[in-house]
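Engineer: So the sequences go chain by chain: A and B.
My numbering numbers the first residue of the first sequence as 29 and each following residue consecutively.
My numbering numbers the first residue of the second sequence as 29 and each following residue consecutively.
If you are wondering where the hints come from, they were derived from the structure by calculation, not from laboratory data.
Just so you know, not all the hints are guaranteed correct.
Note that the list lumps identical chains together, so a pair holds whenever it fits in one copy or between two copies.
[Said to hold, decoys possible] Derived SDA-like pairs (lysine to any residue); straight-line CA-CA distance at most 25 Å:
hint : residue 1 : residue 2
1    : 253       : 178
2    : 58        : 303
3    : 58        : 394
4    : 357       : 224
5    : 138       : 208
6    : 253       : 281
7    : 138       : 318
8    : 253       : 183
9    : 305       : 265
10   : 58        : 234
11   : 94        : 122
12   : 179       : 258
13   : 344       : 376
2 protein chains.
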Amino acid sequence: MNSNLMEYLKEKERQIVDYIKSDPIQNLIKPRHIYEGVLSYLYRPAKRLRPSVLLMSCGCFGGEEKEKQAIPAAVGIELFHTWTLVHDDIIDNDPLRRGGPTVHTLIKEKSRDEWGLGNEPAAEYGTDMAILAGDIQHGWCISAFADCCLKMGVNALTVLRIIKYLETHTLCNLINGEAVDVQFSLANGSRPVTVINEDRVIEMLWLKTGILYEFAGLAGAMLGKDTADINDPDVQAIKTFTGKCGIAFQLQDDILGILGDEEVLGKPVGSDIREGKKTTIVLEALKNADSRQRELILGILGKKDCTDEEIETVRKLFIDLNGIEHTRKLALGYIKDALPYLDRIPDSKYKQLLYEWADFMVNREF
Amino acid sequence: MNSNLMEYLKEKERQIVDYIKSDPIQNLIKPRHIYEGVLSYLYRPAKRLRPSVLLMSCGCFGGEEKEKQAIPAAVGIELFHTWTLVHDDIIDNDPLRRGGPTVHTLIKEKSRDEWGLGNEPAAEYGTDMAILAGDIQHGWCISAFADCCLKMGVNALTVLRIIKYLETHTLCNLINGEAVDVQFSLANGSRPVTVINEDRVIEMLWLKTGILYEFAGLAGAMLGKDTADINDPDVQAIKTFTGKCGIAFQLQDDILGILGDEEVLGKPVGSDIREGKKTTIVLEALKNADSRQRELILGILGKKDCTDEEIETVRKLFIDLNGIEHTRKLALGYIKDALPYLDRIPDSKYKQLLYEWADFMVNREF
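Bound conformation, chain A alone:
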């Protein structure tokens, strides 16, 4: 199942890593801790969904030739995604990412091991370097997009419009999502900084994830058609399709955060519960809970040091109180909404891959 997609993803992963490895910008990245921070996530195994969606969307209109020209843009969106992860990981105090330490944790440990720094100065140094490493990746991202023109011969105006869209519309919405997310988590417990309901949670999913998938479709289609017109109907159709599937992706992510296999995911399951992450799963379960169940959930949710047994209790309640099933239905709804937007696109292996990708969004286990 999805074997074409899996093969395609593997091929793109290789092309993306090869391109990253060959980019001479790396010679400019110093000192060593910054260099190691900038590259760490990039070489860890990852699905590379955003760059692949960009390339599939490109192929739908421009075939293999345009897809090849768009490789730097695929690298660009991967770098964009990566710098936001590096900064978000600092903000969320996360220790792990893609099966290894987060950038701030990695550099903290290095400074402790290499220089014998104490715990506190090492943590501060790690955070400082991780902020800067993310900034470098942000710049590298823009450089990669520019290379679509400077190295691959794509029209300069097309590339400029894509860059402008990414750095205004996409960036501002994405950061709005992250900031609101932080405000959500401050509202934990008794302090109602913001009022949280399902609409707001979904809006946040759109901001934090849908928006970058929208961009992947938009940029890919513009490169495939070689058009600088953001309002082109094909561009808009693909953009809507990839954005809706992106929300389904995130809903599925929340499900895997509760039910998923730690080994397969490469991140600690239960961390969503420990962090008190506000998901549609939580809201639905709370809606259906009696007062005892409600108290049980709220007592454990966001408890940083809760036991495996407590995690298991909450997990079971989320299932029994329809939280998981409700969220799965939401995800399927987004995919169903998304599919008709592909109708106007001519048939091709790329269109077929987009269909498989949409299916993978709600049926994946990793």
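Position chain B against the provided structure of chain A, taking the given hints into account.
Structural biologist: Below, chain B alone, put in the same frame as chain A:
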């Protein structure tokens, strides 16, 4: 003295602020704390030297017409400078910037006042939002450069090459400078993480300041000549000139950090001493100190809670031990080196302004 330059700077300040105010990207910047963080430094009084140098360099080749087209690029370099300040202020734990609170301090205070957050969560929230506010400014910077083409009609390829240069060469060197700076300050006291001598301090000045002034000259000249050729001899000449003057600017900044008037500067004098900033002033003074003086300086330098009297003691030693005079001579040397690079540029009011600017770099008191 320098009255033409002062008038020019005032006019550009107005044009830059007007352009910033009218940029529709602001409607996208949410939530409110991020919006306030993004805009806070931009509207505080500032010299706007980097954008003005870009515009003067542009005018040297393209006159008033090209200078007008380059206004978004001037805004872009101001935004670039600003986001690096916002992130550096987090890293350096600085409370003040341009006569007001730093972004992370501002948002910390707002969250405390508005939501009643405790000191620690408020500080963490302030830092989180400041990281994101800087990221938005980074994106806005690129958007502004893109507008040179999209709104002002400059050749798209010229703009793309400028953006690529900024986001690779300029950015990587600048961040290298900031990272090495952090490592320098870790080397404070007994832990010699890095070996510090005058050559390394000057290299850091070049990275942290010279490099962005180089870019200002380079981008301005490319826009003025409407060339996408970074290696154009005029572009290279102006770039070298503005870079060398930029180092002189920073050396003078270090002098003002010791001798300057707090009121005029808008930042606390003595903070360089409290932070233990490694400058050419410090190194020269230590070189000429006897063992008692050396002990005195090292005992106070980097002492966060040192008294005004101790500051005064160190200040006097820096003067008596030739630290100030030596640094002033270094600065004058850079200006002297820089001036011949303007010889190839035809005479104009813009060239005259660049001469005045070079003079201002070493004779300013604010």
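Engineer: What hints, given by number in increasing order, does this structure fail?
Structural biologist: Checked against the structure, the hints that fail are numbers 3, 6, 7, 9, 11, 13, while the rest are satisfied.
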